Amino acid sequence: MTKVVVVGAGPAGIAAVWRAAQSQAQVTLIDPHPRPGGQIWLHADEAAAPKEAKPWLDKLDRLPVTRHFGSTVIDILPSVVRMQSESGGLEYVEFDKLILAPGAQELFLPFPGWTLPYIMGAGGALALLRGGMPVKGLRIAVAGSGPLLFAVAGKLAQAGARIIAISEQTSRRRLLGFGVGTLMHNPGKILEGIRHARHYLPSPFYTNTWIKEARGDSRVREVTLTNGKRLHRLKCDLVACGFGLVSSGALAVLAGCDQQSGSTVVDRFQQTSVKNIFCAGEITGIGGVDLSVIEGEIAGLAAAGNESEASRCFPKLEKQRKFARWLNKSFALKAQLKDMPDEDTIICRCEDITYGQLKNLADQCSAKLYTRCGMGPCQGRICSNALKFLLGWDLNTVRPPVFPAKIGDLISTP
Amino acid sequence: MTSKYDAIVIGAGIVGASCAAELHRAGLRVLAVDAFKVGCGTTGGSMGHVLVMDDSEAQLNMTSMSRNIWNNLAESHSAEIEYNPCGTIWIAADDEEMEAVHSKADNYGKHGIAVQVLDQEGLYSLEPNLRPGLLGGLRIIDDCVIYPPYSSRLFLEPIELRENCRAVQVLDHQVILEDGTKLQGEYIVNACGAAAPDLTPELPIQPRKGHLVITDRYPDFCRHQLVELGYLKSALKMEKESVAFNIQPRLSGQFLVGSSREFAGWDDGINHSILQRMLARACSYMPKLRELLAIRSWTGFRPASPDKMPFIGRWPKVKGLYIAAGHEGLGITNSTGTARLLADEILGRTPSIDPDPFRAARILE
Amino acid sequence: MREEIEVSVNGRLFVVPVGTTVAVAVLLAGETAFRTSITGQPRSSLCGIGICFECRVTIDHHPHQRACHRLCQPGMEILTR
Chain A
1 MTKVVVVGAG PAGIAAVWRA AQSQAQVTLI DPHPRPGGQI WLHADEAAAP KEAKPWLDKL
61 DRLPVTRHFG STVIDILPSV VRMQSESGGL EYVEFDKLIL APGAQELFLP FPGWTLPYIM
121 GAGGALALLR GGMPVKGLRI AVAGSGPLLF AVAGKLAQAG ARIIAISEQT SRRRLLGFGV
181 GTLMHNPGKI LEGIRHARHY LPSPFYTNTW IKEARGDSRV REVTLTNGKR LHRLKCDLVA
241 CGFGLVSSGA LAVLAGCDQQ SGSTVVDRFQ QTSVKNIFCA GEITGIGGVD LSVIEGEIAG
301 LAAAGNESEA SRCFPKLEKQ RKFARWLNKS FALKAQLKDM PDEDTIICRC EDITYGQLKN
361 LADQCSAKLY TRCGMGPCQG RICSNALKFL LGWDLNTVRP PVFPAKIGDL ISTP
Chain B
415 MTSKYDAIVI GAGIVGASCA AELHRAGLRV LAVDAFKVGC GTTGGSMGHV LVMDDSEAQL
475 NMTSMSRNIW NNLAESHSAE IEYNPCGTIW IAADDEEMEA VHSKADNYGK HGIAVQVLDQ
535 EGLYSLEPNL RPGLLGGLRI IDDCVIYPPY SSRLFLEPIE LRENCRAVQV LDHQVILEDG
595 TKLQGEYIVN ACGAAAPDLT PELPIQPRKG HLVITDRYPD FCRHQLVELG YLKSALKMEK
655 ESVAFNIQPR LSGQFLVGSS REFAGWDDGI NHSILQRMLA RACSYMPKLR ELLAIRSWTG
715 FRPASPDKMP FIGRWPKVKG LYIAAGHEGL GITNSTGTAR LLADEILGRT PSIDPDPFRA
775 ARILE
Chain C
780 MREEIEVSVN GRLFVVPVGT TVAVAVLLAG ETAFRTSITG QPRSSLCGIG ICFECRVTID
840 HHPHQRACHR LCQPGMEILT R
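Chains as they are written, first to last, in our numbering: chain A, 1 to 414; chain B, 415 to 779; chain C, 780 to 860.
Keep in mind that the hints were calculated from the coordinates and are not lab data.
Wrong hints could be hidden among the right ones.
[Said to hold, decoys possible] Using C-beta positions, here's what the derived DEER-type ranges look like:
#1 C:H841 to B:L665: 22 to 30 Å
#2 C:L792 to B:Y538: 32 to 40 Å
#3 C:T815 to B:G762: 54 to 62 Å
#4 B:Q534 to A:K275: 52 to 60 Å
#5 A:K59 to C:H841: 21 to 29 Å
#6 B:H491 to A:E343: 22 to 30 Å
#7 A:E343 to B:D721: 47 to 55 Å
#8 B:Q690 to A:R321: 24 to 32 Å
#9 A:D96 to C:E785: 40 to 48 Å
#10 A:D96 to C:G819: 45 to 53 Å
#11 B:L585 to A:R321: 50 to 58 Å
#12 C:T815 to A:N360: 23 to 31 Å
#13 A:L63 to C:H841: 32 to 40 Å
#14 C:I817 to A:L176: 28 to 36 Å
[Unchecked claim] Some, not all, of what chain B presents toward chain A, calculated at C-beta under 10 Å:
#15 V627
#16 T629
#17 R691
#18 W712
#19 T764
#20 S766
[To be verified] Partial list, computed: chain A residues near chain B (C-beta under 10 Å):
#21 E86
#22 S273
#23 V274
#24 L333
#25 K334
#26 Q336
#27 L337
#28 K359
#29 D363
#30 C365
#31 S366
#32 R372
#33 G376
#34 P377
#35 A405
These numbers come from a predicted model, not from an experiment.
We put the CB at the ideal spot given by N, CA and C, even for glycine.
With the rest of the complex left out, here is chain A (with noise of 0.2 Å):
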């Protein structure tokens, strides 16, 4: 039997599983949170999982597969991953064929008062909400761009916080025509979006906005929003604002995958440049759930060898292939918020590095060497992205272990 390793259990990495199962694969799953879900599933208990998730959460159910929840991949080996366990310890698994669908993560820019407390990603928010964070009565701005800002300010204020202002930076013609778009190719996506409104709406709604600066002390007090021109100040509690989403491709890139335009290359098959390794859903470009659970179905089909199946879902990819350029193509950033950052922004938050320090220097490499930038515990997952828009370089090099552990684990052997 093949054995299949899947790194990820969100909707590509649960469509991976199933399919790698289908086909007679013997197949393990690994996620670092406690439940299965992904961002975009995930949910406190099985009574608050979405709707659309619950088939697929089920069907995960009934699968006979080895599951590590809590374990976070640490390393990648020839035919070997090594995690960290929820217990403590490493754990080494094998694998024949590796499917790495370890999704996305918000794109965060940087602009002067960003690392107060209180302000967060817009994912980040939602992230904090379903773990419990209190929200009633807050002023809420949420701000940046994507469609992901509509959900988050939807149950923000179904929490009972106060939507004080929604801001997207692209323009309203771009976002009328995303409508249109989203009516023609996943009408389903409209129904949502205004499931969410009746929560957000009347809020105040600005498009081609983004945020000048935050102020604010042991918190952020107040955020003031501009389209280049006109400045809107606001008293506020939180601001939730993230950018969009960027491939989480830290484990691709330590395994030595091809990497273009910061997403792992694959084939028609979801195989990467390197031999028995897949990728599956946002890690190869963003492109939403439903791209990411074909894409899932693909690598699960292939991995296990069943390649003729696989290649029965091409057409529905190019569909949805269709819909995610749609998308990158609405909320692409502009220009203009390359000058949110000033001087003294600070850029690198481990190290405190700031956008002055780094503003003239060549590259990735030279950032780190002569002002440590990115070397700190996150290992520029949060300034390499930034980074790359602001100033055009390459992401981060990555070495393992790719989250910190403990050095009593990583003498362990298997």
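Please arrange chains B and C on chain A, whose structure you already have, making use of the hints.
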């Protein structure tokens, strides 16, 4: 028009940077070139431990002169080089090593190097996180730690520098670059570390790979650079693979944990088995290290010479060519002394120490 | 009604529902800063999913633990800095 320099230094690692600075100070018009960027090779991957070693009279003279230059530099540029005057403690685990502590203390003392012999109690009062049952140690009081990439940049500040500029050949008083450009220099210095044989093929320098791990911040977990006395066996024998306990406190509160040595060509991948052996060795000396979070591991290549001595000085086969390479694990320390000795030769000054054991041409004889 | 457990945040005791992350417990305790940055700035949770390392706290004497990534356990001692 081809521009003419007094000296062209090839390789902007710490050794090249230091040589360029020394020649510039002497009034020469200096150009430094590097195939990549300042300090991005062995220098960037190294620990930055500055120490006096006494395994030979020559090495003691060189390391001692070099360390003095570093300590003097720190008086004016402590922040720029991220200077940490933490000293070294060589740790004795058994009677044989404790004997070595005493004989080394005598030897260092004779050369005017400030040391302190630590008995068991003395050792644990300085470093309580060491495992019980060690016998003592030798504290080299004025050893220090610097951050090599910052230091290289500091050295090169006043100097004309070309990065991403690969030299492919050295002829008499001439350097030829990858794009065909010819640079004229009265003196040419090959300071390419482990890659020095690319330009001077007769140099018997081999890359000797090492691993390092850096931890998160744990202020005061350890206060001195700690090295097991067994390290000397590891460093000096030309075994294929070896590991030794070596931990360094950074000013940031982080720790660098080493060390490993292996001959593996230019493969810069992590060798998991040797990394595990290295960390296990470290944990055997400091069991609480097990609880510390490692945030990154990486490798680097020491430029190893067959007789453990660097090659410094004139290379008779090419007119105007000088070598400053082959420092193995002492390149950071000896970069300053190397520059001094090289400049002594180029400028016709009285040598600061006996240059004979370091002469590059020894390999041709 | 979800079951509740008791944890301490900076020495003060709090009751939180089972399944609460340490990050949320810190917020419920009224703390705004999880850690102090290396230049002395207060910092709190940014990404919420374990990648930014801004929500690092000391949990049961182990420093540098990601608060968003851990669930509260009975008797857990949480320290912010």
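Against the structure, test the hints numbered earlier, and report the numbers of the ones violated in rising order. Numbers 5, 8, 14, 19, 20, 21, 22, 23, 24, 25, 26, 27, 28, in rising order.
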